[in-house]
Amino acid sequence: MPGWIRKNWKTAGGDPVKNRELWERLHAATLRHQIDWRWVKGHSGDPDNERVDTLARNAAIQIRDSSPVN
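With UniProt numbering, the residue at position 20 of the sequence shown is 20, and numbering never jumps.
Hints listed in this document are in silico derivations from the structure and should not be mistaken for laboratory results.
Keep in mind that this is a model prediction, so the values were computed, not measured.
Hints are supplied without guarantee of correctness; some may be wrong.
Using 25 Å as the maximum straight-line C-alpha spacing, the simulated SDA-like pairs for lysine to any residue come out as follows [as the list claims (entries may be wrong)]:
| # | residue 1 | residue 2 |
| --- | --- | --- |
| 1 | K41 | A12 |
| 2 | K10 | R20 |
| 3 | K7 | R20 |
| 4 | K41 | S67 |
| 5 | K10 | P47 |
| 6 | K41 | V52 |
| 7 | K41 | R6 |
| 8 | K10 | L22 |
| 9 | K18 | R6 |
| 10 | K18 | W4 |
Turn these sequences into a full structure, and let the hints steer you where they fit.
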């Protein structure tokens, strides 16, 4: 994230960062803490990444199942 901020929210390829408004909110929330941002290849067996993936999937299912159908 620090690199995106330095590059005015652009990726290494020069494209706008997707979901910038969400990243900005996350950045604001983390200013009170010391955060060490690290990129981890997804689905590569990293235990923390696998745990977060499970939590995100379960949250998405819970939201889907509790949303009214139109």
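Hint check:
1. With a C-alpha separation of about 17 Å, the suggested pairing of K41 with A12 holds against the 25 Å cut-off.
2. At roughly 9 Å between alpha-carbon atoms, K10 and R20 fall within 25 Å of each other, so this suggested pair holds.
3. With a C-alpha separation of about 13 Å, the suggested pair K7 and R20 falls inside the 25 Å cut-off, and the hint holds.
4. Pair hint K41 plus S67 does not hold up; C-alpha atoms about 31 Å apart against a cutoff of 25 Å.
5. About 29 Å separates the Cα atoms of K10 and P47, which puts this hinted pair outside 25 Å; it is violated.
6. Note on K41 and V52: the hinted pairing holds, with a Cα-Cα distance of about 13 Å set against a maximum of 25 Å.
7. Between K41 and R6 the CA atoms are separated by roughly 23 Å; this keeps the pair inside 25 Å, and the hint holds.
8. For the given pair, K10 sits about 14 Å from L22 by alpha-carbon distance, which is consistent with the 25 Å threshold.
9. With a CA separation close to 16 Å, the supplied pair K18 and R6 stays within the 25 Å bound.
10. Our distance criterion of 25 Å between C-alpha atoms is met by K18 and W4, whose separation comes to about 11 Å.
Of the numbered hints stated above, those contradicted by the structure are hints 4, 5, listed in ascending order.
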